[in-house]
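*Asks:* For the sequence shown, the numbering used here begins at 308 and goes up steadily by one.
Check each hint, because a few of them may be wrong.
Claimed, not checked - Straight-line Cα separation of at most 27 Å, DSSO-like style, residue types lysine-lysine; simulated pairs:
1) 417 / 321
2) 339 / 426
3) 439 / 313
What the hints assert, rightly or not - Distance windows between CB atoms, simulated:
4) 417 / 457: 17 to 25 Å
5) 384 / 323: 36 to 44 Å
6) 371 / 436: 28 to 36 Å
7) 347 / 416: 18 to 26 Å
Note that these hints are calculated values from the structure, not bench results. In this text, a Cβ means the ideal position worked out from N, Cα and C, and glycines have one as well.
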Amino acid sequence: MTSDEKEALIGSLKRDVLKMPAVSTISVSFSKEDIYKIIPHRPPFALISSIVAVNLEEMVIEVTSRIVPEDPIFAGHFPGNPVYPGVMQIEAMGQAGLCLAYFVKNNTLKIEGSNIPVKGLFTRVHNAGFNKGVFPGDTLTIRVKSIEDDDFMGLMAAQVTINNDIYSHSILEVYYP
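Model the full structure from these sequences, guided by the hints.
*Replies:* Here it is as structure tokens:
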């Protein structure tokens with residue numbers, strides 16, 4: 308991706324809601340227990356609540372993340388005025404990206420009991436922006452689109468929305484060991 312293409316993508320992520328394509332998008336209903344079968348994250352750092360849609364052809368996923376008021380992070384960020392940290396939003400986008408990588412790399416929309424979680428390490432945040440505060444009790448919709456992907460590296464565009472308002476966005480690079 309050229310720097311001009313990246314700048315155009317950043318501008319789009321800031322202003323345009325990343326949509327699930329109408330064609331070839333499959334509605335799914337995967338729970339946290341299913342998600343534990345495909346990515347290595349576990350509580351208290353498993354941030355995805357459910358997977359609701361996948362498009363293998365366009366390499367896009369939609370997940371939810373429920374921000375529980377009891378999350379201990381709010382004790383320190385910030386006492387009396389709890390705000391969900393932006394870095395945690397980026398992490399949730401990354402976890403959604405790993406879910407997408409599982410479906411794309413295995414060319415499946417199924418999660419079996421014997422699945423091996425995707426191994427991926429995020430190596431770079433090319434861009435991140437935060438438009439609005441996320442608060443206890445919010446339910447985030449996270450959409451991630453694979454921009455470039457091979458067996459070694461991937462580049463993903465991601466957005467966090469609530470009621471189709473953009474709250475944050477990022478472009479993430481992942482290494483597949």
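*Asks:* None of the hints should be skipped; say for each whether it holds.
*Replies:* Hint check:
In summary, the hint linking residue 417 to residue 321 is not supported, as the alpha carbons are separated by about 32 Å, beyond the 27 Å threshold. Between residue 339 and residue 426 the alpha-carbon distance is near 18 Å, which keeps this suggested pair within the 27 Å criterion. A hinted pair counts as satisfied when its Cα atoms are at most 27 Å apart, and residue 439 with residue 313 qualifies at roughly 23 Å. For the pair residue 417 and residue 457, the supplied restraint of 17 to 25 Å holds, since their beta-carbon distance comes to about 23 Å.
Between residue 384 and residue 323 the beta carbons are some 29 Å apart, a value that contradicts the proposed interval 36 to 44 Å. Between residue 371 and residue 436 the CB atoms are about 21 Å apart, so this pair departs from the stated range of 28 to 36 Å. Between residue 347 and residue 416 the CB atoms are about 21 Å apart, so this pair conforms to the stated range of 18 to 26 Å.
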